[in-house]
Structures are given as C-alpha cells and as structure tokens.
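S.K.: Given next are the chains, with one letter for each unit.
Protein chains: 2
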Amino acid sequence: MNDRLAPELVDRLKAIVGERGIVAEAREREPYENDWRDQYHGRAAAVVKPANTEEVARVVSLLAQARVAMVPQGGNTSLCGASVPDESGTQVVINLSRMNRVRQVDADNNTMTVEAGCVLANLQKVADEHGRLFPLSLGAEGSCEIGGNLSTNAGGTAVLRYGNTRELVLGLEVVLPDGQVWDGLRGLRKDNTGYEGTLGIITAAVLKLFAKPRSRATALAAIDNPAAAVALLSKLRETCGERITGYELISRICVDLVLRHIAGSRDPFAQAHPWYVLVELSDSTEGEALTGLLQESLGDAAESGTIRDAVVAASEAQRDALWKMREDITEAQKLDGVSIKHDVSVPVSRVPELIARASAALAARFPDIRIVAFGHVGDGNIHYNCSKPERQEAAQFFLEAPEVNHVVYEVVSSLGGSISAEHGLGVLKREEIKRYKSALELDLMRAIKKTLDPHGLMNPGKVL
Amino acid sequence: MNDRLAPELVDRLKAIVGERGIVAEAREREPYENDWRDQYHGRAAAVVKPANTEEVARVVSLLAQARVAMVPQGGNTSLCGASVPDESGTQVVINLSRMNRVRQVDADNNTMTVEAGCVLANLQKVADEHGRLFPLSLGAEGSCEIGGNLSTNAGGTAVLRYGNTRELVLGLEVVLPDGQVWDGLRGLRKDNTGYEGTLGIITAAVLKLFAKPRSRATALAAIDNPAAAVALLSKLRETCGERITGYELISRICVDLVLRHIAGSRDPFAQAHPWYVLVELSDSTEGEALTGLLQESLGDAAESGTIRDAVVAASEAQRDALWKMREDITEAQKLDGVSIKHDVSVPVSRVPELIARASAALAARFPDIRIVAFGHVGDGNIHYNCSKPERQEAAQFFLEAPEVNHVVYEVVSSLGGSISAEHGLGVLKREEIKRYKSALELDLMRAIKKTLDPHGLMNPGKVL
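Chains as they are written, first to last, in this note's numbering: chain A, 1 to 464; chain B, 1 to 464.
Treat the hints with care, as some may be off.
Dumping the calculated DSSO-like pairs for lysine-lysine here, alpha-carbon to alpha-carbon at most 27 Å [unchecked claim]:
id	chain 1	residue 1	chain 2	residue 2
1	A	450	B	450
2	A	125	A	324
3	A	235	B	212
4	A	324	A	212
5	B	212	A	212
6	A	125	B	235
7	B	437	A	450
8	A	235	B	125
9	B	449	A	450
10	A	324	A	235
11	B	449	A	449
12	B	450	A	437
Chain A side only, calculated, beta carbon under 7 Å to chain B, not exhaustive [unchecked claim]:
id	residue
13	106
14	108
15	109
16	162
17	186
18	211
19	234
20	241
21	242
22	348
23	349
24	416
25	440
26	447
27	451
In short, the hints are calculated from the structure, not lab data.
For each residue, glycine too, the CB sits at the ideal point set by N, CA and C.
I would like the entire structure built from these sequences, with the hints used as guidance.
M.R.: Structure follows, in structure tokens:
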C-alpha cells in the first residue's frame, strides 16, 4: 500500500472489502492509475474494489470521515482523464468492476436493473437474450462500464434514435459523498416527485429496453457538402420517421485516409466525391420493405439534386463494409500521424456553418493543417479533428494546440454549441469550460456540488 | 391592490411591468387566486403579468430583495393546487401568460424555441404548420401553458412513444429565485457539461419536434383482465415496435358509465367484456400498411387466446368514436357522482398486481366502493379512481378519503410505484409524499432547494 494512507485506514478498508477487494501491489495498481491512452498518469493512495453497494457505502463513509478524496472508476476508458487519480498519491480509487450483476430483467416493463460495473457489451447481450434491444453502443463497449456511461452521459452511434445514456435511464442507486445510499431504483415510466441525485457514486441503474430491430437498410450517399447532409436528413425524416437509426457525415479526406492506411478497404464509388453520409434505417418488422423505402427515398433525393449518388447495401457483407469504413477513420487518422481532436456539437441546422467557418479560420492561420471532420451529424455532433501538416514535426504541431482549440471553440461557441458533446470534461477541458460556460452556470454547478459534497472529496479536480 | 403589499413596492412593480402587467381589481384577480376546479382558494398580494424575460427577472429580483414570496403561474390548470397562492394574502402571483411568443422554429434541427406562456395547443399547431409533430397532448391542452407542463413534467397520452415533457426539452431559460437569468436555451442533441437549473421560473424552452404521423391505425381489444393488456403490449412491441403511440386500459365499469351518462355513446362490441385496451399505432409513412399490421397482430393475439375480440377502426369516424369513449370516462364518472382519485404509476409489469391487490384491500374495507380504473397502462400509469357507493352521502364518503388513499398508496408503495405519476404533488400530496419518499431523498430535495432559494420565496408551501 501507499505510505500516504495511514496503516490503520488501510486495515479498516481491508476489513470492509476483504483481501480481494484491495489492489495491493504497486505494479498491479498501474492500470487503475493511468488512462488507457497513456495520457494521464496519476498515483493512488489505494485502489479499492468493493463487491456490493453496502461495501461502497462503508468505504465512502470511512474515507469521508477521514477526509480522504475519492475517484470513482469503471472501465477506465475516459478520453479526458475523468477516471484516474491525480499525482499527489493521496486519492483513493474506488473501482466498481466487481459490481457486475444484472439484478433483474423485466421484459414486460421493458427495463433491466443492472450494477454499475457491468460491461456495456454484456448488457447489450443480456437484452438481446430477452428479445429486447439496449441501444447504447460506442467504440469502447467491450470494456467500458455502464456506471461510467451514466456518470458521463455517454453518446455513441444510436443517439439520433434512442437518445443519450441519460435518456435511457429510469432509476439510479447512488452512494452519496457521505456514504448514505440513495435508493432511486424505480422502473417507472412516469414519476413526478423529485430531483435526480447525480453527485455521488452510481452503484446500479434501471435501464430502458426497446423492441429488437428485425430489419435494417444501410446506404452511403455521395453529396456536395454538409448542407446537403442536413437537407437529406430533413427529407428522410419525413419519409422514414424514427426508422433513421444512424446518420454519419464523412468527408473525402476521411475516405482517402482509410484507403491509404487500412488494408483491404476500397472506395464504394467509381469516382471520388467531396462528402458522404452513411444512412441506416432499422425497424422491428421483418422483410425487405425497409430497403425499398430507403431506395425510394434516396432515388427521390437524387432526382431533386440533394445527393449526387448512392449505394444501398444489398447484403450483410456490404453493410458491414460500409460501417467498417466509418469505424476505420479513427485508426487511419492515427496511423497517418498525430492530430488535435475536438468533440463538439451545434444545432443540426448549424453543422454546415460550423465546418465552413472553423475550416476557413484555421486555413487562414495554419495553411497546411488538415481538417478531418466526420461524425454523428444527425445529433449535431461532429468530431472536428485537425491532423498535423504532412511536413511538420509533431512536437511543433502540439505547441499550436491551444490556438487551434481556441479557433474551433470560438466558432462552436458563437453558434450556440458545446465544446464537449459526448466525451465529457474531466481534466482535459476543465479550464476551457470556464471560458464557454456562463459564470452563473458555473456558480450553480459549484453551489449544488458544495451542498452534496461539502468537503470536495468526490473526484476532486474534475469538471469543476 | 392588496393592503398586504407596501404601496411603494406596488409602484415599483408597476414601473417594471406597466399598467397592463398588473391585475388591479380584486374581482379580476379571482381566476388567478383560485384553481379551475374550485378546490383551492387563495388570496394574492398582487398578480403580476410580465411581458418578457427581463421583466420577470426584475420582478423576481425586487420581490426577493423585499423577501416577498412568489407563485409562478401559467394556465392555472394544476390538479393539485400547485399554481395558486395560499390564503395569507402575502404571496405575489407571477403569471407568464403574456410571454407567448414562439421565438424560433428550426425544422432542420427538429426544435422550436418557445416562451413559457405559450398555450400547448398553439404549439402543436405551430409544429404542424412546419411539417413537424410536437407530441405532448393532454386534456387541458387548450388552456395549459408549456411553462407549467415543463415545471410539472406533464405526461399525457403520448408518453409511451415520445416520453414525458422533460424528455421533450433540450434547453431552458430560467429566472432564478434571486432574479438572475440562466440562459440554457441550447438546441443541442448532445451536451455533456452541466446540471439542469430547475429551481426558478422557466421563461422559455427549446422543445424537440418529431416526424409528423401520416398514417394511423386504431383498435379496441376486449380482454379478460389487466394481465392480458400487459401480455398484448409485449406482443405488439415485438411486431409493431415504436409505432405504438397509444395504449389505454379501460375496465367494463368505465364503459357502463359512459353508456349511461354520455348521449350518443354505444358499446363497440355486441356483448360485454370485463376489460378493454385501446391501441393506436402511427407512422410517418402514408397508406394502409399500418392498419394491415395491426389487424394481423391482433388476429395472432386472438388466435393465441391473449385477447377475446377486437374491432379495428375502418374510418376516421370510427377512430374518433373509440377515442371519444376513452375521453368521456372522466366526464361520465363525474356525472355519476363524486370520486376519490389516484394518479399512480408502477412498473408496467406490476399493473395487474396493483389493480388486483388494491381492489381486494378496498373491497374488504369498503364493500360498496366502485373502482373505476383506467389509463395509460403502457406507461404503468393508472387513474385508479374510487367512486362513491350508490347509496352513500358524498360528505360521508369524503370522510373516508384518508383511509381509501392510505390503502391504495400502501399497495403502490409496496410495488415500487409512485403516488404521483403525472399530476404532480402541489399542496394536495405534500403531506403524503413524506410517508412514501425516503427521508434521505427529501433531505436531498430540501438541501438543493435551500441552496438555490435560501429564503424559501419561490412557490412556498408546495411539494416540500
């Protein structure tokens, strides 16, 4: 154990969680102290792994009384340093991975009650086994845990149709900063009696389930510009309604990077186009009706000049290939060199303006910077990434990051957008948020935080 | 003006809102002091009608400094006394009905930004004119205002598909209890940077819009019991998915009351059945496919014995007649005599148990009481109303109300339910909620309330 924690406290922690519940070896603690991208390196006073809600409550109560700061942790897949301790060696990591039971599946109520440490992909599987869909889906789903998804209100690829994580929750069980347990595990579709207690450690949640999709139709449409993507979405909404499940914008440079770096990839069209949208419909009915609907809608859009061309997947293999191209962008961009990433959102109708204005402003200041813009345009959420100019040194490029960020965030802010659409704030954007949120809003957040966590022991140094 | 308010304060209020913004005559103040059902009678120190957010902010700031309590008010259609002042004559009603502008409709972003005083039916109309649907729909829609819907998280007939009011909102503008304006009017589908500021006066909101339904299919299914309604819903979810837009449980006594008291009504079936569900599907596509899908699904359900019989509406007139029967229940029950009403919710899967257990417990204690149970079973939300025994005096019946409530709420509570599904707490259930919410939860609500409203001036005596 770390010498920063009084031996007596260590003994009392062990008495609560047992030997299995303490990560004792310094070497074994490393994965809990550093983030998975190896960008944030902390040192924990201890890493505790409680097995149930009562143990979490007793650990938090003990640490709160001893005025020791705590860092709640799930799968530790944060992209912004929210789930690791700082370098002081004084903070205790409370990792919830052992709390991974599905407590109940209520198919008639379309809910399941799960513990915070459940891995997202496992929950998708459990829902599927009960003939239901749990729609939250994102890159880290094989290792991220639902408690982390909840505390950060994770987004992903199905937000357009099903909403963010917070919209997928009906009830929570939370251990408050003083160790009291708030049991809000109600599977009620309607309940008008309270506030949500979000400032503590989420230990379990009641999640919404949905009808399983029984048919899918997927297409890639070639378009002139982002404005055409917005126009096409409005048209598709009228003909396809809520069947639209995926709607991803892709720029030509994204396709070029995938073709260059990912083996086996090929251009879905005979010629190059400036922009693309990947469209997916899904429906609870079986059969080919959906593919017909998509073909007809895209045919109309081609006729009216909204799109240049389109390919509709005729098989599961073609569908997978289209999605693989979208998913390969991140890896291809990484293989091509370093980049400065921005996960931003604006009203859907302002996406074209966001891309045009940010790109013009960056081109004026950094002529060789390469804009790799793609993402969930149906949610107004763009991954507006800036790749290093081909001839520039990485170190030199990163020196420019503050100015690059400033240019992008100023445009986002002027369009009424958010500088953190789905990745959260954590440590990464703690300073920047002060410029883009009103002083009043930050005061409110601090006041509520202080009311529930008067000694500032719960994940200190993050967000606020 | 009321003599409880210092003349100097009245002059300063007038200076902010003008003569038009003050309801001066005692007689004219009455509709603002009493609720529409004439059950709650208060007396206001003044009734102020600000025309814009700045006026609201200045009024609140002035009253907060003078430590005068305020009651925000919209269409004053609360069912539980939440929107009227108490009898002290010291509280100022801030009525928002003059703030009724639609500030923006952004069809590409599927949002509209509206002021708190907009009447709900007008907002439905504006959305429709822009080729979109605003799905919130409830009995009072011709006079209730969106600010009230938001502050109470109103439910209604479309929750099953589109969610409660709170799920229909992307951003808020709020005047805090000290008069500061929090501008959270962001039309972002993804924004992961804050808490919602819900303890103040909502002055405007960004609302979500949806694809307009272009086809509908409606049916009434006859069933044995509430368990069959739950089973049928699960079946329909698998075949019809999110097309299910309405799903209302109706007991035989409801039909009998409508047939007895509402002129022109007739039984949709040749014989009487113990229970019914009204099912409605809607879709953004045109044509008859939906009616076919519903017929087929109900045919399968009849074959497997889940339902006894069904009628599918073959025309708009037939559809209207089915919905009219559902909507006439409240009026028919009223014409039949007084009743004690309970707006409760439980997990959908527990609705049959709720009805069976509460009815058995009431029958044991009050043999002649008549249970009139109906409502949004797809949301787990039942209007569990108890009509007076035919031979009993109304006054005598109401003496039994506390015990009737106790019996019902104990069953609801034991099933993990809520005693206020969509009507709110207000004054009506302020005492009862103390028994059914945990002390910890009430402490949390009070702590947050106190942080934002330290002098307890914002709608005092309601909820907490």
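S.K.: Hints first: check each against the structure and report whether it holds.
M.R.: We went through each hint and held it up to the structure:
1. 450(A) - 450(B): Holds, at about 12 Å.
2. 125(A) - 324(A): Holds, at roughly 21 Å.
3. 235(A) - 212(B): Holds - the C-alpha atoms of residue 212(B) and residue 235(A) are around 12 Å apart, at most 27 Å.
4. 324(A) - 212(A): Holds, at roughly 22 Å.
5. 212(B) - 212(A): Cα-Cα ~23 Å, so holds.
6. 125(A) - 235(B): 21 Å, holds
7. 437(B) - 450(A): 23 Å, holds
8. 235(A) - 125(B): 21 Å, holds
9. 449(B) - 450(A): 13 Å, holds
10. 324(A) - 235(A): Holds, because 26 Å separates the two Cα atoms, which is no more than 27 Å.
11. 449(B) - 449(A): 13 Å, holds
12. 450(B) - 437(A): 23 Å, holds
13. 106: 5 Å, holds
14. 108: Given a least distance of 4 Å, the restraint on residue 108(A) holds.
15. 109: Result: holds, 4 Å to nearest chain B Cβ.
16. 162: With Cβ-Cβ at 10 Å, over 7 Å, it is violated.
17. 186: 6 Å, holds
18. 211: Holds, because the Cβ-Cβ distance from residue 211(A) to chain B comes to roughly 4 Å (cut-off 7 Å).
19. 234: It holds, given that the least Cβ distance between residue 234(A) and chain B is near 5 Å, below 7 Å.
20. 241: This hint holds: residue 241(A) lies near chain B, its Cβ roughly 3 Å from the closest one there, short of 7 Å.
21. 242: 6 Å, holds
22. 348: 4 Å, holds
23. 349: Hint on residue 349(A): holds, closest Cβ of chain B at ~4 Å, below 7 Å.
24. 416: Check passed: Cβ of residue 416(A) comes within 6 Å of chain B, closer than 7 Å.
25. 440: Since chain B brings a Cβ to about 6 Å from residue 440(A), closer than 7 Å, the hint holds.
26. 447: Check passed: Cβ of residue 447(A) comes within 5 Å of chain B, closer than 7 Å.
27. 451: Status holds, d = 5 Å.
In terms of the numbered hints stated before, the structure departs from hint 16 and from no other.
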